[in-house]
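Please construct the entire structure, taking both the sequences and the accompanying hints into account.
Residue numbers (my numbering), protein chains in the order written: chain A, 1 to 93; chain B, 1 to 93; chain C, 1 to 93; chain D, 1 to 93.
Worth double-checking, as some hints may not be accurate.
Which copy is meant is left open, so a pair is good if it fits within one copy or across any two.
To be verified - Simulated crosslink set (SDA-like; lysine to any residue; CA at most 20 Å straight-line): (1) K47 <-> A70; (2) K8 <-> R23; (3) K8 <-> Q26; (4) K8 <-> D30; (5) K47 <-> A78.
Quick caveat, the hints were computed from the structure, so don't treat them as lab data.
Protein chains: 4
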Amino acid sequence: MAGYSTEKDQLLRRLRRVEGQIRGLQRMVDTDTYCIDTLTQVSAATKALQSVALNLLDAHLTHCVHDAIAGGGAEADAKVAEASQAIARLMRA
Amino acid sequence: MAGYSTEKDQLLRRLRRVEGQIRGLQRMVDTDTYCIDTLTQVSAATKALQSVALNLLDAHLTHCVHDAIAGGGAEADAKVAEASQAIARLMRA
Amino acid sequence: MAGYSTEKDQLLRRLRRVEGQIRGLQRMVDTDTYCIDTLTQVSAATKALQSVALNLLDAHLTHCVHDAIAGGGAEADAKVAEASQAIARLMRA
Amino acid sequence: MAGYSTEKDQLLRRLRRVEGQIRGLQRMVDTDTYCIDTLTQVSAATKALQSVALNLLDAHLTHCVHDAIAGGGAEADAKVAEASQAIARLMRA
Numbered sequence: 001m002a003g004y005s006t007e008k009d010q011l012l013r014r015l016r017r018v019e020g021q022i023r024g025l026q027r028m029v030d031t032d033t034y035c036i037d038t039l040t041q042v043s044a045a046t047k048a049l050q051s052v053a054l055n056l057l058d059a060h061l062t063h064c065v066h067d068a069i070a071g072g073g074a075e076a077d078a079k080v081a082e083a084s085q086a087i088a089r090l091m092r093a
Numbered sequence: 001m002a003g004y005s006t007e008k009d010q011l012l013r014r015l016r017r018v019e020g021q022i023r024g025l026q027r028m029v030d031t032d033t034y035c036i037d038t039l040t041q042v043s044a045a046t047k048a049l050q051s052v053a054l055n056l057l058d059a060h061l062t063h064c065v066h067d068a069i070a071g072g073g074a075e076a077d078a079k080v081a082e083a084s085q086a087i088a089r090l091m092r093a
Numbered sequence: 001m002a003g004y005s006t007e008k009d010q011l012l013r014r015l016r017r018v019e020g021q022i023r024g025l026q027r028m029v030d031t032d033t034y035c036i037d038t039l040t041q042v043s044a045a046t047k048a049l050q051s052v053a054l055n056l057l058d059a060h061l062t063h064c065v066h067d068a069i070a071g072g073g074a075e076a077d078a079k080v081a082e083a084s085q086a087i088a089r090l091m092r093a
Numbered sequence: 001m002a003g004y005s006t007e008k009d010q011l012l013r014r015l016r017r018v019e020g021q022i023r024g025l026q027r028m029v030d031t032d033t034y035c036i037d038t039l040t041q042v043s044a045a046t047k048a049l050q051s052v053a054l055n056l057l058d059a060h061l062t063h064c065v066h067d068a069i070a071g072g073g074a075e076a077d078a079k080v081a082e083a084s085q086a087i088a089r090l091m092r093a
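The following block contains the structure:
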């Protein structure tokens with residue numbers, strides 16, 4: 001079980017929508033759509049992906065990090081450090 | 001013709017790779033892959049999309065904005081303003 | 001006590017360095033420094049600020065969120081939700 | 001003369017406001033202000049800095065890049081490449 005397991009359907013729907021946006025981008029490029037309109041679609045797809053990231057992160061904190069801390073022990077610190085590193089990667093993406 | 005027309009094949013290849021990353025993400029979510037590993041893949045896909053954005057923007061400046069300015073007239077200012085707005089959207093994505 | 005209290009000196013040093021970068025930017029603008037060089041300094045100051053943000057966030061998860069969860073009760077969920085919202089604000093900054 | 005010379009006063013005012021935000025952050029850290037409130041102020045300062053960046057970039061495209069292209073010759077391509085690199089640095093900041 002992953003932290004996001006109860007929200008799997010919603011996450012998959014969002015990811016399929018992002019996939020649709022990326023395929024839409026391929027059609028736009030293939031038909032020489034004006035650069036700025038293509039860029040607007042890239043911004044929309046990026047925003048949708050970041051929204052998926054925030055969902056995953058929230059589920060991770062709510063479940064995995066929560067359970068590690070509630071369970072006590074050394075694993076809690078490792079989980080928090082790992083989450084911080086993931087946040088750093090997202091902010092620098 | 002769009003500003004990126006001479007780089008269409010390369011852009012399409014990159015976008016197909018991003019599509020593959022998004023489908024990979026769907027498989028990861030579907031098989032309950034650990035949140036942090038899923039997030040790492042989201043960061044990679046976001047980075048790939050932003051790299052496509054930078055390519056499109058560079059092509060737009062090199063061709064569309066360049067030609068509007070070289071052609072003179074009022075269109076040049078409009079093109080620059082439009083490019084600035086697209087950059088703002090990308091930075092806030 | 002805030003979550004970052006044991007790292008206060010380091011945070012204050014980093015923030016004073018960012019302040020120096022912002023004052024440096026004022027001098028650059030005041031002396032008509034070339035736009036691109038000024039922009040490079042803006043990027044550096046932004047990166048330094050985001051690094052402060054990651055520090056604060058890590059301290060918050062390590063101390064405040066950790067203690068709320070370890071203490072049990074309803075406060076834990078509120079703390080995680082609040083942290084997720086702060087991360088969302090940082091990613092959209 | 002830099003591309004932003006006609007907007008110098010406005011840019012300096014914005015940068016002095018960012019400096020005030022950074023000094024405000026130092027006071028917040030110094031008085032152990034709650035992490036999340038401190039992070040909200042970091043987000044605000046980052047947003048203000050990115051807004052300065054977008055101003056500088058727009059001025060650069062409107063004046064420096066414009067004039068290089070209108071003047072013709074090899075310098076135009078170099079200016080566009082340099083602007084693209086600055087945009088890439090800002091997006092990765």
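These are the hints, each one checked on the structure:
no. : hint        : result
1   : K47 <-> A70 : neither (33 Å within a copy, 34 Å between copies)
2   : K8 <-> R23  : between (22 Å within a copy, 14 Å between copies)
3   : K8 <-> Q26  : between (27 Å within a copy, 10 Å between copies)
4   : K8 <-> D30  : between (33 Å within a copy, 7 Å between copies)
5   : K47 <-> A78 : neither (29 Å within a copy, 25 Å between copies)
Of the numbered hints listed earlier, those contradicted by the structure are 1 and 5.
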